[in-house]
Amino acid sequence: GQQVMQIPQYQHVQEGEDFTTYCNSSTTLSNIQWYKQRPGGHPVFLIQLVKSGEVKKQKRLTFQFGEAKKNSSLHITATQTTDVGTYFCAGAGTASKLTFGTGTRLQVTL
Amino acid sequence: GAVVSQHPSWVICKSGTSVKIECRSLDFQATTMFWYRQFPKQSLMLMATSNEGSKATYEQGVEKDKFLINHASLTLSTLTVTSAHPEDSSFYICSARRGDYGYTFGSGTRLTVV
Numbered sequence: 001g002q003q004v005m006q007i008p009q010y011q012h013v014q015e016g017e018d019f020t021t022y023c024n025s026s027t028t029l030s031n032i033q034w035y036k037q038r039p040g041g042h043p044v045f046l047i048q049l050v051k052s053g054e055v056k057k058q059k060r061l062t063f064q065f066g067e068a069k070k071n072s073s074l075h076i077t078a079t080q081t082t083d084v085g086t087y088f089c090a091g092a093g094t095a096s097k098l099t100f101g102t103g104t105r106l107q108v109t110l
Numbered sequence: 111g112a113v114v115s116q117h118p119s120w121v122i123c124k125s126g127t128s129v130k131i132e133c134r135s136l137d138f139q140a141t142t143m144f145w146y147r148q149f150p151k152q153s154l155m156l157m158a159t160s161n162e163g164s165k166a167t168y169e170q171g172v173e174k175d176k177f178l179i180n181h182a183s184l185t186l187s188t189l190t191v192t193s194a195h196p197e198d199s200s201f202y203i204c205s206a207r208r209g210d211y212g213y214t215f216g217s218g219t220r221l222t223v224v
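So the protein lines, in turn, are chains H and Y. Just so we're aligned: 76 in the working numbering is position 76 of the first sequence, and the numbers increase by one with no gaps anywhere. Just so we're aligned: 145 in the working numbering is position 35 of the second sequence, and the numbers increase by one with no gaps anywhere.
Mixed in with the good hints there might be a few duds.
Unchecked claim - Computed list of lysine to aspartate or glutamate pairs in EDC-like fashion (alpha-carbon distance at most 20 Å, straight line):
no., chain 1, residue 1, chain 2, residue 2
1, H, 36, H, 67
2, Y, 124, Y, 162
3, H, 36, H, 15
4, H, 57, H, 17
5, Y, 151, H, 83
6, H, 57, H, 67
7, H, 70, H, 54
8, H, 97, Y, 197
9, H, 97, Y, 173
10, H, 57, H, 18
11, H, 97, Y, 162
12, Y, 124, Y, 198
Just so you know, the hints here were simulated from the structure itself, not pulled from any lab data. None of the values given here were measured: they were computed from a predicted structure.
For reference, chain Y alone in the conformation it holds in the complex (with noise of 0.2 Å):
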């Protein structure tokens, strides 16, 4: 139990285009998910927390206008990158929470910007 889809895994772009990442708990309801983002050979570092039917809370340095995020229902978040820049380039990252017990992640989207 406690599965959570990410989709694409993977996804080249062009500068000035927006990549959207879904990310979807799979056998129960999530009302907060959370999207991180890794660079390589670093730590994982809060991005939001997306909560459901209200706007996401994002963390200190991330610009909420880039990063979109979007939780429509229980089962799915959205982060929306827009405008990408090649320094937008990094491994993205959603997890979310099945009661009283740790975090599931979903496998991760790597973003690469051309």
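So here's chain H without its partners, still in its complex pose (with noise of 0.2 Å):
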């Protein structure tokens, strides 16, 4: 079945330095989805990716989508301690069905 990957599994950064988490999939997508979870929270909703090598930004989030589409990345920008929290990527296959990447937690400190 579909698999999708995210590196780094944790990265831990003092607040102002940049992060990036990259997400791959064993299929090719027909869109991908970003979410953030905060601990003990669930997941919300980011944003979501369409088009071969989309680009988007939200504030200091900068969304990527493969031309492949198969990759995705989230970039931030200056982290702040309010980007605290587990950054997931989500595949769409299928009946609307989601895949969700295996996650980056990030940990911000000042």
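Quick one: dock chain against chain with the hints and give me the complex.
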């Protein structure tokens, strides 16, 4: 079945440093979505990318969808402590089912 | 908009008993809802797709007789964990999609079976 891997598993940065998480799917995706889950919370939708090579920005967050629609990345510029959480990519395949990536846990310290 | 309410937030039950979790779409109709399970520090694993008015579609390895799903209306799906065992302890989350956009998740139910 479809597998979606993310690296790194965990990253600890100091506030102000940049952060990137990478997402790779074993199959071509119709679209990719990104979610953030705070400790003890539920996933919150961040963005959806549909087009090959698409790049979208949300303030300090930049999302990219690969040309082959099998990989994606999320880059955070100048992290803040409020960015703490686990970031999941999720690939949409058949029947609107989402396959979640393994997640990257971000820790930000002052 | 696109609010999904999940209840209860947490529940403790004894082994052998059943627990029902409700998932409601508050401001939209959801013909399809999804149920996930998440173990600590792990990703979300799709358990089943709940279809309004028809049988749920279960993922491979998920016991349909143990995890009963009912989607009786366009705004409500329920997951019943039957004859719960300690290994069923987990975080269960539902989600629904509104239109051609991202999925909205419920706040999750933390189940502890003792």
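Against the structure, the hints:
Using a Cα cut-off of 20 Å, the hinted pair residue 36 of chain H and residue 67 of chain H is violated, with the two alpha carbons roughly 24 Å apart. For a cut-off of 20 Å, the pair hint linking residue 124 of chain Y to residue 162 of chain Y is broken: about 30 Å separates their Cα positions. At roughly 18 Å between alpha-carbon atoms, residue 36 of chain H and residue 15 of chain H fall within 20 Å of each other, so this suggested pair holds. The hinted pair formed by residue 57 of chain H and residue 17 of chain H meets the criterion: a straight-line CA distance of about 18 Å does not exceed 20 Å.
A threshold of 20 Å between alpha carbons decides the hint, and for residue 151 of chain Y with residue 83 of chain H the separation of about 17 Å falls inside it, so the pair holds. A threshold of 20 Å between alpha carbons decides the hint, and for residue 57 of chain H with residue 67 of chain H the separation of about 17 Å falls inside it, so the pair holds. Pair hint residue 70 of chain H plus residue 54 of chain H holds up; C-alpha atoms about 12 Å apart against a cutoff of 20 Å. Restraint check: the Cα-Cα separation between residue 97 of chain H and residue 197 of chain Y comes to about 25 Å, which exceeds 20 Å; the hinted pair is violated.
Note on residue 97 of chain H and residue 173 of chain Y: the hinted pairing holds, with a Cα-Cα distance of about 18 Å set against a maximum of 20 Å. Only pairs whose Cα atoms come within 20 Å are accepted, and residue 57 of chain H paired with residue 18 of chain H is accepted, the gap being roughly 15 Å. In summary, the hint linking residue 97 of chain H to residue 162 of chain Y is supported, as the alpha carbons are separated by about 16 Å, within the 20 Å threshold. For the given pair, residue 124 of chain Y sits about 11 Å from residue 198 of chain Y by alpha-carbon distance, which is consistent with the 20 Å threshold.
Checked against the numbered hints above, the structure violates hints 1, 2 and 8; every other hint is satisfied.
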